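Student: Take a look at the letters that make up each chain.
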Amino acid sequence: MGQIKAGAIAKGTFLLEKDTPFIVVEREFVNPGKGSAFARLKLKNLRTGAVLKVTHKTQDAVEEIDVEDVSSQFLYSDGESYHFMNTVTFEQYEIPMVSMEDMQYFLKEGESYKVVRWGNESLDIKLPPKIDFLVTEAEDGVKGDTVQGATKYVKVETGLTVKVPIFIKEGETIRVNVETKEYQERINN
Amino acid sequence: MVVEIIKKCSSIKKEIRNFFDSRGFLEVETPLLSPHLIPESSIENFKTDLISPYKGNSPLFLTPSPEIWMKQLLARGSGDIYQICKSFRNSEQISAIHNPEFTMLEWYKTGITSDANIKICEDLIDSISLSETPQKCRPPFRVMTMEEAFRELGGFSLEENLDSESLLGLLSDHNIPGSSNDSWEVLFHKLFLTLIEPELPTEKPLVLKNYPSRLSTLAADVTGTPWSDRWELYINGIEIANCYTEETDLKKMQNYYQNETSIKAAEAVIPVVSSEKWLAGMAGFPSCSGSAIGVDRLLAALLGMKGIQGVILFPLDDILL
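Respectively, the protein sequence lines represent chains R and L.
Per the UniProt record's numbering, residue 1 is the first one in the first sequence, and the count goes up by one each step.
Per the UniProt record's numbering, residue 1 is the first one in the second sequence, and the count goes up by one each step.
Chain R on its own, in the form it takes in the complex (with noise of 0.2 Å):
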């Protein structure tokens, strides 16, 4: 555990509130007209998935929490929580589904990610930028229609539903770009 001066905190920093731990999910700097400079900071409580609204003086300390990347298998999400399991120790991590917006829908069984570890907590989830999806549900492109840019939805093999471009068929692999869903490239199995 370490200090952090507010004005040097980015998203994605892991702080400690009220001996809690948060994420920073947004943060912007604010210099009043008449006033010192400010940061305010979205945080989201990695516990419960609340979001807490702050405001440091960027020359504040906060509490930064010192987290370790710990690689690990996806095994099976049980509805109330994801389980891991350590590659290399085969220890076995839980993390409450709560805090976890949207995870389902990068998590594949049997695949490696990043879990981030606190003492022997399990805080967060670190996906790669790209992940590459099975497209399970494609509606055919319309024959005969080419014009340059038309694009379709289709559904992945996690349940996300991808903008694509109108070529791609049921039973292609598609790379998506995890923070803003959208379809990267095809991959040619």
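Don't take every hint at face value.
Said to hold, decoys possible - Quick partial rundown of chain R residues pointing at chain L, CB under 8 Å, derived from the structure:
hint, residue
1, Glu17
2, Lys34
3, Leu52
Unchecked claim - Okay, the calculated bits of chain L under chain R, using three or more residues with CB under 8 Å as the criterion:
hint, region
4, 90 to 98
5, 172 to 179
6, 190 to 199
7, 232 to 244
These aren't lab readings, by the way, just hints derived from the structure by calculation.
These figures come from a predicted structure and were not determined experimentally.
A virtual CB, placed ideally from N, CA and C, is assigned to each residue, including glycine.
With chain R held as given, fit chain L onto it using these hints.
Tutor: Coordinates of chain L only, in the frame set by chain R:
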């Protein structure tokens, strides 16, 4: 860099000058390098040195706004004046709406209060808006007092909670970290910036007026109230302008000057040289209202852009080695 944007920015700046020229304001140019500054405790400055082989070196500061010298001109009887110039603020985060070097428009009109300056600002923005200027960035302005903003958006009265203890209680009620070690200004800003400012209505430009007079400024008080005669303009949720009915009482100016100098001496990374000469030069300062606009932010709003990147041709972030 898009040449089309440069052309539009250039044309808007000409229109700003036309606006003030046609209303009888005199355009002035005051020093950007100054041997002393008005000590504003919230602003860090840029310092440099004049090198003189004959008289020794002298510290100089890049002005954080043209206020210091424009006010001296007013005290010498200049009448209504305006200026478009570069201003410099150190130690601020470089972001989509901040650059350490930026363009400021500042004007002073004598014999009016800040309320009358709302209309001037409205007319100005109306006259320089472009066909692509989003409707939400165009006049008419909506006017709201701080008290109304706290009641409507926070659900409580600011006027009834102006002491530090109440502000701390409100912070605690809303789960916002604050400490009894925080100054009154910091407690107020934590509450305002967390709860109120992000919720300010954005469907029209918004004038937020009557700030607590405990925020130490050179704005005059609204007599018999806890408010100072001051407003800020927000366009699309971003603060664009700051306006005062200027304080004319030399004693109050002196108190402000001394108070800010002592805070500055204790807290600032760059301590500024203060000068009693400036105060002496303020004798004869007329009743007036002064307004300052961040031109880069205004141009971005008029062009329907999200930030000042593109309006500022070479943002410091891009050119730093």
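Student: All hints are to be evaluated individually against the structure, with a verdict given for each.
Tutor: Tested hints:
1. Glu17: 6 Å, holds
2. Lys34: Nearest chain L Cβ about 5 Å off; hint holds.
3. Leu52: It holds, given that the least Cβ distance between Leu52 (chain R) and chain L is near 6 Å, below 8 Å.
4. 90 to 98: That given contact holds, which follows from 5 residues of the region 90 to 98 of chain L lying within Cβ reach (below 8 Å) of chain R.
5. 172 to 179: It holds, with 3 qualifying residues against the three required.
6. 190 to 199: Held - the region 190 to 199 of chain L has 7 residues with a Cβ nearer than 8 Å to chain R, which meets the minimum of three.
7. 232 to 244: Three-residue rule met by the region 232 to 244 of chain L, so holds; n is 3.
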